[in-house]
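These are the residues of each chain, in order.
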Amino acid sequence: MNILERIVENINYLGGAALFLIGLHTVVTHTNLIKKIIGINIMGTGVFLFFIAIGNIEGGTPPIWLEGMENPIFVNPVPSALILTGIVVSVSVTVYLLSLVIRIFQTYGTIDQKELAEIMEQEVPHD
Amino acid sequence: MKKILIRIVFIILFFILAGGIFTMPTSPDISAPSYNDTVRHYIDNAVEETGATNVVAAVVADYRAFDTLGETVVLFTAIVAVGSVLRVPLKKDEVEIHHE
Amino acid sequence: MISQLPIINLVALLLMAIMVPFIKKISFRATLWLGGILLIGVLVSSVFIFIHVANVGDIIYHFGDYESFLGIEFKVDPFASLFTLFVGTLAFIIYVYSSGDKTEGIESPEFSRYYVLYFLMLFAMFGILYSNDLFNTYVFIEIISLTSCAIISIKRKKEPYPAAFRYVLLNEIGSLSFLFGIAMLYMISGHLNIDLLANTIQSGWTTLPINIIFAIVFMTVGLSLKAAIFPFHIWLPDAHASAPSTSSAILSAVVVKIYILVLIKLILKVFGVELFASLGMDTVLLIFGGAGMIMGSIFAMTQKDLKRMLGYSSVSQIGYIVVGLALMSDLGLRSAFFHIISHGLTKAALFLSVGIVIYLKKSRSVKGFEGLGFQIPIAMTVFGIAAFSMIGIPLTSGFIAKWNLGIAVESASQYIFLGVIVISSLLNAMYYLPILFAAFLKDNPEHQEKVSIEKIPAAMLLPIVVLGLSILLIGIYPNLLMQLIDLVIARL
Amino acid sequence: MNDTIVKSITRLVIPFVQVYGIFIILNGHVSPGGGFSGGALLGTSLILYTLVFGAIKAKHKFSHKASEIAESGGILIFVTVGLIAIFVGMPFLTNLAAGFPAGSAGAILSAGMIPIIMIGIGIKVASTMITLFHKLIEEVIQ
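Chains as they are written, first to last, in the working numbering: chain D, 21 to 147; chain P, 45 to 144; chain W, 30 to 521; chain S, 11 to 152.
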């Protein structure tokens with residue numbers, strides 16, 4: 021019973037860690053380059069969830085002052101502000117990776133890493 | 045076989061991480077160590093020091109504005125990087141037309 | 030006023046990067062000159078900052094005039110200012126070279142993009158060294174990873190795309206691990222400022238060790254992936270080999286070092302040496318470094334492509350730096366810092382002189398060096414000096430670096446690493462010397478006609494001559510550099 | 011996509027989306043939102059336009075030159091705001107202490123440089139989204 025309670029208490033953190041590892045697993049095991057990019061994004065989401073969970077306060081309100089508020093309990097604003105940055109960075113990296121995949125498909129005709137390695141091995145003696 | 049092995053490794057990693065998380069200071073209330081003087085200062089003085097009632101905006105655009113500058117630079121970098129990869133079509137005869 | 034100089038440097042680099050597309054429309058040559066003048070200005074102000082910091086004291090710069098626990102803080106100490114000087118100098122030398130080298134796959138419409146990326150990368154590298162804030166460091170790391178991948182994939186050939194893809198993928202895994210580590214540290218302290226964080230870690234070590242252990246592991250692994258420390262080096266040879274010569278030079282000489290410097294900053298300033306060592310991480314790094322020293326050289330020997338060979342050689346040289354760092358003593362740190370600078374100069378000289386060979390012959394094969402010493406004597410002489418420095422022959426900076434590492438290893442009584450250094454040097458000799466023999470002693474009947482020096486632009490020759498001379502200068506008068514490094518270590 | 015229903019509904023919806031985006035950007039410092047969310051909305055409206063009316067027509071609406079200026083402009087606004095503080099003699103990116111007017115808390119014209127920075131971020135994010143989208147689909151079309 022105790023264990024279950026603790027799992028429920030820490031579900032955000034556990035979810036973050038699980039997403040991080042699922043993403044890493046996707047990157048490591050899948051040979052499809054698009055799936056690798058998806059894996060990177062899952063990893064990123066895991067880290068962001070973990071970071072945001074640190075700022076959570078139970079019963080807290082969003083950190084915005086409105087008229088007539090007296091001694092409110094706000095959630096921690098810093099993780100939200102930091103992860104805003106993190107999300108934008110993750111978007112930029114994703115777009116760059118996608119553009120590379122487009123070029124790889126145009127030049128090699130495949131987006132599978134194994135086939136790519138085979139093609140590159142055949143073409144190695146370039147000069 | 046290899047796949048199962050990798051999966052087992054990841055499951056073990058998850059249990060290590062989960063075990064670590066159970067001993068971390070994860071309680072979601074204001075006694076958490078991350079809810080420290082800095083955060084209290086932001087909440088109490090943001091309106092006075094920055095004039096913004098949205099504390100997150102005050103942190104993003106004032107207290108930690110240099111981070112935000114850094115990430116607008118990341119966006120700019122992304123445009124330049126994507127532009128440098130997807131510049132002109134690859135076929136030789138199309139290259140002439142699309143030269144800027 | 031002098032306290033505003035670091036940020037003025039940064040803003041100048043950023044503005045240059047933004048304005049390049051607009052100035053280019055007027056005249057590309059003007060852009061090149063403007064960039065060069067700007068880099069000289071940045072260098073001069075870096076020298077001023079270094080003198081000021083060395084004589085007066087650290088510059089602490091608070092963004093937005095907030096106290097350090099509220100806002101972002103820059104801390105310019107001798108460590109930061111010496112290495113910004115190093116980065117700026119090498120970047121300027123490579124910039125001059127790149128203005129002459131117009132082959133190697135970058136097409137003329139792409140030049141302006143190349144320089145935008147180049148200045149953005151410099152902006153991030155300066156920022157990362159100055160910054161005293163962990164999340165700020167993460168943002169700059171991301172800028173460096175994007176730009177450093179983009180200056181590989183800017184080449185208009187097939188090979189760079191998969192190499193850049195793999196590089197950016199592993200880079201991103203590294204960045205996310207680093208961010209995860211920051212999350213762990215933020216959880217127990219709520220601070221992101223490095224000094225304040227260090228205080229909390231020292232007091233929190235007894236009560237909440239698990240966060241700190243996770244943070245150390247995640248951050249070390251993340252930075253090792255980016256710095257290509259031995260078992261994580263798989264992306265490096267492909268990425269550095271398929272890049273244009275100037276990009277290879279800056280990636281190998283500077284960018285990889287930046288990540289090692291961040292790691293050093295983390296170990297010394299955030300976690301503290303004792304804590305890091307008590308977890309046994311120093312032994313892990315020591316083993317990785319030693320393995321890298323040997324394995325990198327062995328891999329390098331089997332390569333047919335010259336630039337891949339140089340890439341693997343970088344892996345082995347990073348091993349030297351990591352061993353120096355992992356000894357966790359002042360002597361070890363001293364040798365690591367010396368090696369960072371020495372290897373930066375040497376690798377830049379090697380890649381740039383190979384760039385001249387590629388410029389001339391359009392080929393990167395190890396085989397095609399017969400008689401080249403007579404065709405391009407200056408470039409091959411510099412290549413020879415740099416190769417001697419890699420092997421560790423006296424009168425070059427590489428010898429001093431290895432000698433210092435030897436002393437550090439000996440005083441830490443890790444005698445087995447003396448053997449490793451000797452074996453690694455012998456292996457280095459085995460793949461560099463045949464090239465030199467072929468270049469200077471063999472005559473190639475096919476290349477009888479001598480290529481006059483005028484065929485190579487002076488903008489390409491001058492930088493490598495400067496690099497070759499500075500390798501010799503540091504090799505003959507090592508104290509010039511040692512004094513500065515001792516100052517850095519004393520004030521760290 | 012040559013569907014009349016989709017086209018007319020898109021025409022109807024886009025102005026509202028854009029006004030909402032601008033509203034979120036300008037109100038970033040007094041209510042939830044800010045440059046990122048508002049900029050993303052603005053960018054999405056242009057992406058919607060591109061999807062429905064095609065890339066060529068969208069290029070006319072948001073030309074290469076405009077995107078180039080918008081990209082640099084976002085950062086330039088940011089840096090200029092920061093440099094004003096340096097000219098006054100304060101550190102980079104100082105807000106109220108550098109003489110930006112504080113206004114009355116809760117009003118739109120308040121909080122010194124924060125709305126200006128938010129506008130810069132909004133322009134930057136919107137232009138980045140639309141430029142990157144155009145670059146990717148141009149590649150696929152060819």
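None of these hints come from the bench; they were simulated from the model. Some clues are possibly wrong.
Straight-line Cα separation of at most 20 Å, EDC-like style, residue types lysine to aspartate or glutamate; simulated pairs [unchecked claim]:
1. 186/W - 90/D
2. 333/W - 143/D
3. 186/W - 25/D
4. 391/W - 143/D
5. 333/W - 138/D
6. 145/S - 87/W
In silico contact screen, one side only, chain D against chain P (beta carbon under 8 Å); selected entries [unchecked claim]:
7. 61
8. 98
9. 108
10. 129
11. 132
We treat Cβ as the ideally placed atom computed from N, Cα and C, and that holds for glycine.
Now for the hints, and whether the structure bears them out:
Taking the CA atoms of residue 186/W and residue 90/D, the gap is about 64 Å. The hint is violated against a cut of 20 Å. The straight-line distance between the Cα atoms of residue 333/W and residue 143/D is roughly 14 Å, inside the 20 Å bound, and the hint therefore holds. With a CA separation close to 57 Å, the supplied pair residue 186/W and residue 25/D exceeds the 20 Å bound. Distance hint between residue 391/W and residue 143/D is fulfilled; the C-alpha atoms sit about 17 Å from each other, no more than 20 Å.
Between residue 333/W and residue 138/D the CA atoms are separated by roughly 19 Å; this keeps the pair inside 20 Å, and the hint holds. Taking the CA atoms of residue 145/S and residue 87/W, the gap is near 46 Å; set against the 20 Å cutoff, the hint is violated. Nearest Cβ of chain P to the Cβ of residue 61/D: about 15 Å, over the 8 Å cut. The hint is violated. The closest approach between the C-beta of residue 98/D and any C-beta of chain P is roughly 6 Å, which is under the 8 Å cut-off, so the hint is satisfied.
Residue-level restraint check for residue 108/D holds (minimum Cβ-Cβ distance to chain P is 5 Å; threshold 8 Å). Using the Cβ-Cβ criterion of 8 Å, the hint placing residue 129/D at the interface with chain P is not satisfied: the shortest such distance is roughly 12 Å. The beta carbon of residue 132/D comes no nearer than 17 Å to any beta carbon in chain P, farther than 8 Å, and the hint placing it at the interface is violated.
Going through the hint list in order, the structure does not satisfy hints 1, 3, 6, 7, 10, 11.
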